[in-house]
Each structure stands twice: as structure tokens, then as C-alpha cells.
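Trainee: Which chain is which? The protein sequence lines are A and B, in order.
Going by the working numbering, the letters in the first sequence line up with residues 1 to 289, in that order.
Going by the working numbering, the letters in the second sequence line up with residues 290 to 836, in that order.
Hints in this document: simulated from the structure, not taken from any laboratory.
Facing chain B, a subset of chain A residues (Cβ under 8 Å, in silico):
{"hint": "1", "residue": "L31"}
{"hint": "2", "residue": "R72"}
{"hint": "3", "residue": "K78"}
{"hint": "4", "residue": "S109"}
{"hint": "5", "residue": "G190"}
{"hint": "6", "residue": "G229"}
{"hint": "7", "residue": "W282"}
Straight-line Cα separation of at most 16 Å, EDC-like style, residue types lysine to aspartate or glutamate; simulated pairs:
{"hint": "8", "chain 1": "A", "residue 1": "K75", "chain 2": "B", "residue 2": "D639"}
{"hint": "9", "chain 1": "B", "residue 1": "K635", "chain 2": "A", "residue 2": "D77"}
{"hint": "10", "chain 1": "A", "residue 1": "K85", "chain 2": "B", "residue 2": "D821"}
{"hint": "11", "chain 1": "B", "residue 1": "K635", "chain 2": "B", "residue 2": "E824"}
{"hint": "12", "chain 1": "B", "residue 1": "K485", "chain 2": "B", "residue 2": "E818"}
{"hint": "13", "chain 1": "B", "residue 1": "K633", "chain 2": "A", "residue 2": "D77"}
{"hint": "14", "chain 1": "A", "residue 1": "K219", "chain 2": "A", "residue 2": "D242"}
{"hint": "15", "chain 1": "A", "residue 1": "K78", "chain 2": "B", "residue 2": "D821"}
{"hint": "16", "chain 1": "B", "residue 1": "K575", "chain 2": "B", "residue 2": "E818"}
{"hint": "17", "chain 1": "B", "residue 1": "K529", "chain 2": "A", "residue 2": "E185"}
{"hint": "18", "chain 1": "A", "residue 1": "K236", "chain 2": "B", "residue 2": "D748"}
{"hint": "19", "chain 1": "A", "residue 1": "K78", "chain 2": "B", "residue 2": "E824"}
{"hint": "20", "chain 1": "A", "residue 1": "K85", "chain 2": "B", "residue 2": "E824"}
{"hint": "21", "chain 1": "A", "residue 1": "K236", "chain 2": "A", "residue 2": "E262"}
{"hint": "22", "chain 1": "A", "residue 1": "K219", "chain 2": "B", "residue 2": "D748"}
{"hint": "23", "chain 1": "A", "residue 1": "K179", "chain 2": "A", "residue 2": "E145"}
{"hint": "24", "chain 1": "A", "residue 1": "K115", "chain 2": "A", "residue 2": "D44"}
{"hint": "25", "chain 1": "B", "residue 1": "K529", "chain 2": "A", "residue 2": "D186"}
{"hint": "26", "chain 1": "A", "residue 1": "K78", "chain 2": "B", "residue 2": "D639"}
{"hint": "27", "chain 1": "A", "residue 1": "K85", "chain 2": "B", "residue 2": "E818"}
{"hint": "28", "chain 1": "B", "residue 1": "K575", "chain 2": "A", "residue 2": "E91"}
{"hint": "29", "chain 1": "A", "residue 1": "K236", "chain 2": "A", "residue 2": "E269"}
{"hint": "30", "chain 1": "B", "residue 1": "K635", "chain 2": "B", "residue 2": "D821"}
{"hint": "31", "chain 1": "A", "residue 1": "K183", "chain 2": "A", "residue 2": "E148"}
These stretches of chain A come out as covered by chain B in the derived footprint (C-beta under 8 Å, 3 or more residues):
{"hint": "32", "segment": "38–45"}
{"hint": "33", "segment": "97–104"}
{"hint": "34", "segment": "202–216"}
Using N, Cα and C, we set each Cβ at its ideal position, and we do this for glycine too.
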Amino acid sequence: MKLFNIILLALFVIVIIIASNYLGQQAYNWLPTPAALEAQPVGDLFSFLVTLGSLVFLGVLGMLLYSIVSFRAAKGDKSDAQPIKGNLTLEIVWTVIPLILVIWITSYSYNIYQKMNILGNLPIVHLHNPLEESAYAAENPQASETIEVTARQWSWSFYYPSSNITSSQLHLPLNQRVKLLLKSEDVIHGFFVPNFRIKQDIVPNRTIELRLTANRIGKYQLEDSQFSGTYFSLMKADVYVDSLDTYSKWLTQAKNQKPTLETNLAAAEHKRYITDPAHFHWPTVVPAN
Amino acid sequence: MTNIADSNQAHSKTHWREYFGFSTDHKVIGVQYLVTSFIFFLIGGLLAMIVRAELLTPQLDVVNRSLYNGLFTMHGTIMIFLWIFPANLGLANYLVPLMIGARDMAFPKLNAIAFWQIPIVGILLLLSFFLPSGTAQAGWWSYPPVSIQNPSGHLINGEFVWLLAIAISGVSSIMGGVNFVTTIIQMRAPGMTYFKMPVYVWTIFSAQLLQLFCLPALTGAAIMLLFDLSFGTDFFSPFKNGDPIIYQHLFWFYSHPAVYVMALPAFGVFSEVIPAFARKPLFGYKVVAVSSFIIAIVGTFVWAHHMFASATPNWMRIFFMASTMLVAVPTGVKVFAWVATLWKGKLHLDTPMLFCLGGIVMFLFAGITGVMMASAPFDIHVNNTYFVVGHFHYVVFGTVTMAIYGGIYFWFPKITGRMYIESWGKIHFWLTFLGANLNFFPMHPVGLQGMLRRVSSYDPQYTGWNIVASLGAFLLGMSTLPFVANIISSWLRGHKVGNNPWLASGLEWTVSSPPPVENFAEIPIVTREPYDYGEQISRVNSDLHSI
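Build out the structure end to end from the sequences listed, making use of the hints.
Mentor: Put into C-alpha cells, the structure is as follows:
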């Protein structure tokens with residue numbers, strides 16, 4: 001290869017490495033503010049994926065664009081180009097390198113998944129699957145609080161068995177590992193808080209455990225991530241991550257309050273529609289109050 | 290068995306009335322599939338325009354919630370089962386017998402029966418808009434229990450009609466699978482060994498084998514769901530010892546390979562067009578051919594990556610993460626082969642080539658976001674968000690639809706005997722490429738930020754990207770106009786062409802444009818390698834309109 005071409009190629013590789021690294025760093029900003037311990041490894045993973053992905057994308061795109069620019073046929077030239085049929089070395093290289101890359105990504109992802117240790121639908125424990133070792137072994141730290149999360153069409157409720165209170169808001173203590181017991185009364189729903197980076201479908205007639213440690217004080221949004229029918233877009237709840245002080249104050253306050261019926265967004269919208277003569281809609285399941 | 294033609298029949302032209310009837314000629318059926326599917330593409334697109342109009346603003350202000358759910362359910366169902374599958378079948382039906390040197394498919398009557406089920410499926414789905422209960426409203430994947438809640442209480446409801454339509458579509462596709470696999474195995478011309486077949490035939494072969502093996506799972510699941518919905522069974526009822534997760538496995542066992550059924554023919558089109566417009570052989574032909582099979586086989590073992598956030602145990606998530614990552618390797622090999630074909634070629638950037646190049650670029654992006662989502666911990670964040678919607682639209686629109694357009698332009702002169710208008714084709718390409726990227730790119734950032742899919746209203750923080758996406762969608766809608774105008778006017782009055790206006794390799798270019806009724810006056814004996822560009826072969830574009 002000509003020296004000029006070698007230099008050009010080297011420059012191209014340097015530029016795309018710099019660009020990919022830059023994009024990989026930017027990737028943290030493309031995700032919502034992390035608010036749980038589980039979110040940090042996901043951020044690292046995403047940054048890694050963006051860096052590698054950008055490298056491949058820019059590399060292949062670069063070759064494609066270079067070809068389009070440099071190898072145009074002359075006007076009116078209908079003749080054939082050189083009959084280059086293939087190249088065994090190249091084929092091996094571009095099979096083996098992607099294979100190595102995906103194996104790398106898979107093992108990195110596996111490590112991240114174990115680090116997140118969120119559990120989810122657990123297989124039978126006594127099968128003692130080697131892949132599961134670290135997931136069970138790290139039932140440590142123990143969950144300090146258990147909260148039952150009940151999903152129904154189309155609202156959420158949260159029951160704190162230790163204090164015997166039911167709330168339409170999810171309050172979580174800061175830096176404490178919490179065990180969520182996810183239940184559904186009717187169809188499949190999904191527990192998803194973008195800032196926590198965790199998601200779990202909730203299957204009716206099963207209790208699915210989810211563990212997380214919220215680590216940033218603030219107000220976040222819980223949404224139903226698994227399509228669950230007519231008013232699914234309105235099935236939201238506020239999530240508050242409180243300092244331990246605020247959290248215990250809230251628990252005490254809630255215990256002393258009389259339970260009130262809260263109207264949820266879905267029930268409110270449905271009520272508006274059925275009292276509006278101009279509004280036509282197909283038959284729907286009625287939202288629970 | 291194919292019909293033995295008498296010498297008159299072999300040379301007569303097809304009457305236009307045959308296109309509206311029960312023809313058993315694979316070329317007529319191919320055109321029927323293409324035109325029918327394109328009409329449904331426009332209908333499915335219209336539904337998408339309404340969806341994007343709703344999503345222009347964060348609040349619900351265009352349609353009501355149940356209609357919105359019906360709209361996106363029908364959009365997905367129509368686009369998958371009435372646009373992509375039949376359009377691919379249309380091209381394949383037309384081309385495969387010609388490419389392998391056969392007079393027709395193995396089972397011409399079965400071919401026609403399979404086609405005519407498509408309009409029935411379409412009519413059923415469209416009529417369901419007028420049912421008192423409305424259309425199916427549980428998405429194209431129709432998960433129980435929500436899909437079988439049936440709030441209207443009627444026996445004939447939207448979901449019932451939808452399941453019926455899916456079952457009929459499944460039967461039609463299985464018929465097609467039987468036909469194509471038999472044809473490719475049994476009816477290749479003398480000398481046409483497997484490794485002399487164009488890659489397009491390899492991709493159809495792999496895709497149709499997938500249909501045969503995997504479609505029964507979906508058809509079975511649809512029938513069981515129908516029984517749960519209407520006849521009191523409890524296969525998937527969670528409170529009656531049924532299991533809704535089994536449905537998910539059955540559904541995705543087919544529906545993941547289904548995406549390869551959609552994508553493989555697109556890869557086949559790229560593999561035919563790129564060499565023709567680079568005047569160079571396909572780089573690494575044998576590897577590209579075999580990779581189609583490898584993709585099909587590996588792709589059968591990845592389905593639970595759609596269920597990473599579902600009630601799947603950890604070991605299952607890890608296994609399917611590994612298998613999904615693996616399928617990237619044979620897919621990447623194809624992309625590298627296409628780029629290597631361009632390298633040191635003599636490129637002609639005509640419309641078919643532009644669509645294929647644009648398709649490859651968008652597929653590159655889609656493939657990378659696909660590998661990202663193969664990573665289970667990352668997927669748990671983006672599952673069921675717009676990130677997924679962006680990814681798969683880059684595949685089904687950015688890759689497959691662009692490939693179908695490219696294929697239509699490339700083989701239009703062969704099918705009609707006339708050339709399309711090149712300048713309008715270029716305009717169509719640029720509007721489509723711009724519109725598609727504007728429409729589908731924004732879905733990625735907004736999904737990362739947490740915007741869920743299938744929602745009819747959203748948090749105002751996502752508004753900016755949604756406006757861009759909706760405007761892109763409207764542009765995309767408009768972009769179909771130059772295509773329709775071009776095809777119609779060129780079909781009626783385009784400049785007539787000879788047998789090989791592109792000077793391309795392949796048996797279909799050795800016969801007249803359009804081909805005679807029985808394709809070949811004499812079955813060819815194949816000696817040449819495929820993609821024999823640069824071999825000093827004289828390729829003639831004769832000005833014979835019909836022999």
C-alpha cells in the first residue's frame with residue numbers, strides 16, 4: 001500500500017477512536033439521573049457499548065463512504081471492474097474479531113448483571129446452578145425493608161407490612177436495601193423506574209421479588225412498562241427517596257392518618273368520558289378506584 | 290409438477306385481466322402479492338400517521354385511548370403480516386423460478402391459494418374497525434391476560450377476528466414455505482448446483498425453512514388464545530393454573546425468527562443489486578450464502594431476549610444473552626462483504642443502488658443497537674421503551690422496506706418491460722432516507738430517557754424529540770408519492786427495455802422483459818459462476834420486446 005494511504009488509514013483509525021471515546025463519555029448524559037446503586041453499573045455498561053458500537057459504526061461507515069466517493073464509474077462507462085472474488089484472510093479476520101468482541105461484551109454484561117443482583121423471578125434454589133452462585137451468595141446486605149407493590153388496572157398501591165400502612169406513593173429509605181414484592185390483581189403489568197434502571201414484569205397470581213438500593217434523594221416516577229390495556233399510559237405513581245429521618249417521619253404520619261380513597265388518573269379520566277355525551281369509545285375494562 | 294407448455298403458450302403475453310383472477314403463473318402471483326402488499330403498506334402507514342399525530346403533543350388530544358390502542362395494534366399487524374411478508378413473497382415468487390432456471394414454482398395452485406388468503410386477512414382486520422367492540426387493542430403480540438379480557442362480552446370481537454386473521458395468515462405462510470423449499474430443492478436447472486445459486490435464492494431458502502419450522506408455534510398459540518378467549522379454556526389464565534408466560538415463549542419462538550424471515554430476503558436483494566451496480570462479483574459469495582443458513586439456525590435460539598424483563602429466571606436471561614450476541618457474527622460478515630464488494634468497484638449510483646446503500650447504513654445502526662439490547666442488564670432499562678421501537682423500525686423500515694424499494698426498482702424493467710424514471714427515483718430515495726432517519730432516530734434518546742412504548746400520552750420532558758419524530762413521519766408519508774406516480778406512469782408509458790438493461794448477471798436477465806409465460810423456451814444448462822462480473826463475458830441487452 002502506498003505510504004499516503006497508510007497515513008490516511010492511520011489518521012482515520014485515530015479519529016474514530018477519539019470520536020468513539022468521546023461518545024462513550026457522553027453516553028452517561030443520555031440516561032436519566034441515576035438514583036439507585038444498581039444504576040451505576042448500567043451506566044458503565046452503556047458507555048462501554050456506545051464506545052464499541054461507535055467504533056464499529058464509524059469504521060464501517062467510513063469505508064462505505066470512502067468507496068462511494070473514490071470508486072465512482074466514469075460517465076458512460078459500463079465496463080466491469082476487477083473480478084475480486086474474495087480473500088480468505090479477510091474473511092477469517094472479520095469473523096474472528098467480531099466473535100471476540102461479542103464474547104467480551106457478553107462476559108462484561110454478565111458481570112454487570114451479577115453486580116446489579118436485582119433478582120427477579122428466581123428459579124428453584126436447590127438446583128445450585130453455578131451461574132447463580134453470586135446472585136444468592138450476595139443476599140448480603142440483607143433487605144432492611146419489605147414493601148408489597150400491588151398493580152391493578154390502572155393504578156399502584158404500596159403496603160408496608162412492618163407499619164401496616166397502604167399508600168398510593170412509594171417511599172424508599174436512602175441507601176437501604178429494600179425488598180419489593182410485586183403482585184398483580186388482573187393482567188401483566190411492569191414495574192419500571194427509569195432513574196433506578198430496573199424493570200420487572202409483574203405476573204398475576206405470582207409474587208416476584210425485586211431488590212434495590214435507592215441512593216439519591218428526590219422524587220421519581222414509577223410507570224407501568226408492560227402494556228396493560230386502555231388506560232395503561234396513566235398508570236403512574238410518585239416515588240420518593242427520603243433520608244432515613246424523613247422516611248420514618250412519613251411512616252409515623254401515615255400510620256396516624258385515616259385511610260382516604262385517592263382517585264387515580266385512570267379512574268378520573270374514565271369518569272370524565274362516560275359522563276360526556278359527545279365522547280365515543282369502544283367498550284373497556286373499568287379502572288379500579 | 291409444472292405444466293408442459295405448448296409452443297404458442299410459451300410466447301404469449303399475460304392479459305391484464307389475469308392479474309385480478311386466480312392465476313397459477315408465479316409471475317402473475319408475484320405481481321399480485323407486490324401490489325396488494327403495497328396497498329396495505331399505505332393503509333398501515335396511514336394508521337402510523339394518526340399515531341404520530343397523537344404523539345406530536347404530550348397530552349391525549351387526537352383520538353381516544355381505546356382507538357389509539359387499536360391503531361398501533363393494527364399498524365403493527367398490517368405492516369408485518371400484510372406488507373413485509375407478502376411483499377417479500379411477491380419478489381421471491383417472481384424471481385426464484387427465473388433465477389434457478391425453472392418454468393414455475395413446484396405447486397402453482399398452492400401458490401395461488403396462498404396468495405388469495407392475503408386479501409381475506411386484510412379485509413378481516415380492516416372490517417374489525419366497525420365491530421361494536423372495536424379492533425383488537427392488545428398490540429400485535431397480544432399478550433394474555435389483557436388480550437382476552439373482552440370487555441364487550443361479545444363472541445365476535447376484535448381480538449377474535451384478529452386471531453382468526455393471524456391463523457389464516459399462518460396457513461398461507463406455511464403453504465408458501467412448503468412451495469419455496471420444494472421448488473429450490475427440486476427444480477433447479479441442470480448445472481445449477483447450490484453453490485451456483487444467487488445469494489437471493491439462498492436467503493429465500495433459509496427464510497422459508499424458518500417459516501416451516503417455527504410458524505406452527507405461533508399458529509398453535511393463536512388457536513389456544515382463541516379458545517381461551519371464546520370457548521372457556523384456561524391455557525394462559527394465571528388464576529386458573531394456566532401460564533401466560535408459556536404464551537410469550539410460543540409467541541416469540543416464532544416471532545423472533547420471523548424478523549429473520551423479514552430481513553433475510555432484504556439481505557438477498559442487497560447481494561444482487563450491489564454487485565450489479567459495482568460491476569464486481571459479490572465478495573466472498575460462498576461465505577455470504579452459508580451465513581444465511583447460519584443466521585437462520587442461530588436465530589432460532591434467541592427468542593427469550595424479548596422476555597428479559599418478564600418472569601424469566603436469571604439463567605435463562607444469561608443464556609439468551611449469549612446466543613443473541615452470537616447471531617451478530619454471521620450478520621456482520623454479510624455487511625462487511627457488501628462493503629468489500631463496493632471497494633475498488635465501478636459504482637453507478639442509480640436508484641436501486643441508492644436504496645441498498647441507504648439500507649445497509651441504516652442496518653449497520655440497527656445491528657449495533659441490537660447488540661446493545663442483547664446485553665440483558667442494559668435491556669432491562671430499555672425494554673418496552675421507545676429505544677426498542679427505534680431499533681426495530683431501523684430494521685423493518687430502514688433495512689427491509691428500503692431493500693424492497695431497491696428490489697422493485699431493480700427488477701421493475703424485467704417485470705414490466707419498461708424503465709422507471711430515474712430522477713423521480715432519486716427524489717424518492719432522498720425523501721425516504723431523510724424521513725426515516727428523522728422519524729426513527731429520535732426514538733433512541735427518548736427511550737433511553739425512559740419514555741415507554743405503546744403510550745398515548747407522555748411526560749412533557751419527551752416533547753422535543755417526539756415533534757421531530759412526528760414531522761419525520763409526515764415527510765415519510767409524503768415520500769411515497771413520487772414512488773407511486775413513477776411506478777404507475779412508467780408501467781403504462783415508460784421507455785421500453787430489452788432483456789438486460791442493467792447488464793446484470795443472473796438467469797432472469799437472459800430472457801425477455803417481461804419474460805415469456807413459461808420463462809424459458811428451453812431450460813438452460815448452467816455452467817457459469819454467479820456474479821461473473823469482470824470475466825470478460827459479453828452481456829447483451831437485446832432490444833427484443835418479446836420473443
